[in-house]
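Participant: If you want the building blocks of each chain, they are given just below.
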Amino acid sequence: MNSHLSDEELIGNIHRTLTDAQREAMDRHLTACPHCRARLADQEALQQRIRNSLLADLRAVQPSPGMRFAAIASQVHGDKHAALLRLSRRLFPVAVALTALIGLGISLMDLPESIVRLYANPKPTSASSISALACVFFAVAAVGNYRESRFIQLRSGLFSGLAFILWAGTAVVGLQVIVVVRDILFWIVAYVSNNAQIGLVLSSWALIPLSLVWIAVVIGGGEYHYKRLGQRSSWQLFGWTILGEFCILVLSNFI
Amino acid sequence: MPDIEALIQRWRKGDERSAETLYNHFRDSTFRLAYGLLGDPSDAEEAAQDALTYALVNIHRYDHRRASFSTWLHTIAVCRCRDRYRRNRLKKFSLTAWIGGDVGLPDPHPGPEHHAIHAETSSQVWRAVQGLSLPLREAILLRYWSGHTFREMADILGCPVPTAQSRVRLAYQRLRATLAPTELVHLEEEESR
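Heads up: the sequence lines are chains U and C, in that order.
Going by my numbering, 28 is the number at position 28 of the first sequence; the sequence numbering is gapless.
Add 1000 to the 1-based position in the second sequence for my numbering, that's all there is to it.
Be aware that one or more of the hints could be misleading.
To be verified - Partial list, computed: chain C residues near chain U (C-beta under 8 Å): (1) Glu1016; (2) Leu1052; (3) Arg1169.
Hints in this document: simulated from the structure, not taken from any laboratory.
Given the structure is predicted, the values throughout are model-derived calculations rather than measurements.
Glycine is no exception: its CB is placed at the ideal position from the N, C-alpha and C atoms.
Same shape as in the complex, but just chain U (with noise of 0.2 Å):
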């Protein structure tokens, strides 16, 4: 015969948490076994009396009268007919986002200029300011959505349109953050080995890497906020997306 179940598996056991394979396991070793069937029993009779004991204590507690609904009643009716406000605190962080998303549209005209001034003059580029102001306002349209509901109706779409603008949004960033890495990298190479070229020459190919991480991120991160549209996880990602790219943008202004 098997050695005794542990305690372990008989806590699963009596939380329902084992697979069927490993419940039918159980099963087969509990009917040879009365020892372990004495300690499951015990295990259940305890947790039977944990959970009567917490049960009978917080039947006991009743909330003050002074929690009715008569103490919500005008705040329950006046805001249910202020749609036009929910319309605006939905529209809010779209506007915002879109704000920003436009504004990295315009500096993204001088991205071509950046990957090539490094070459021209070999000394690394602060980051744009635009790119790292987009992505405070980034932050605050997907902070704002955090503490939503993940069982919130997509009924406007609206919060798919944030999520796309997001996504687009950090993915422009991103192209800036790779310029900003390779140049930091130049930095770092150029200091140590104290030569111009050799930071030029090894910067340079890790904008190859640097772009295939890009691609993965993008098209991986697109898929995890296609599939948790509007769901904390996904505003959580884009949160920390963000502070991670802007973490980059700054720190390339003290250099």
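Guided by the hints, dock chain C onto chain U, whose structure is given.
Facilitator: Just chain C, lined up with the frame of chain U:
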């Protein structure tokens, strides 16, 4: 047991009595869930009232295809409790106490309500549950008190199903470890009375 979906439909059309029925139906369970999470009746009342107000005001956002109303409401309640818990932690932090001074005095005159409720809820299990970290307390209360499935718990807590499962298991193991065997015997005696 009222027909929740019918009440929601009527409230969406503007029938205030349906909103009141919904409120009354979910008031106690929401309050008790918040009380279990926060351990303080006035905080729990505010969090529960916030959650109920939000749910009723934003009823158009509820989608029955995604979750039941109670799951949606409990998602909001858990969010409100998390916010309040974080704010309370900041409020309770005393720089002087941290440095070593004996400041951060408790309320010298707690009201009679405080005494009554404290006496009611000072069982060993209750104290052990209040000693759990917030994620474990959320898991054990949603499972034991609200009776949610692991799938619903994952939705409410914003985590994968295996994480919800492991949190319940871990919370149970912590409770078992905290409740010494003698206390468990005492619990058994209380129950048999």
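Participant: State for each hint whether it applies.
Facilitator: Quick rundown of the hints versus the structure:
1. Glu1016: Because about 7 Å separates Glu1016/C from the closest Cβ in chain U, which is inside the 8 Å limit, the hint holds.
2. Leu1052: Check passed: Cβ of Leu1052/C comes within 7 Å of chain U, closer than 8 Å.
3. Arg1169: holds, 5 Å
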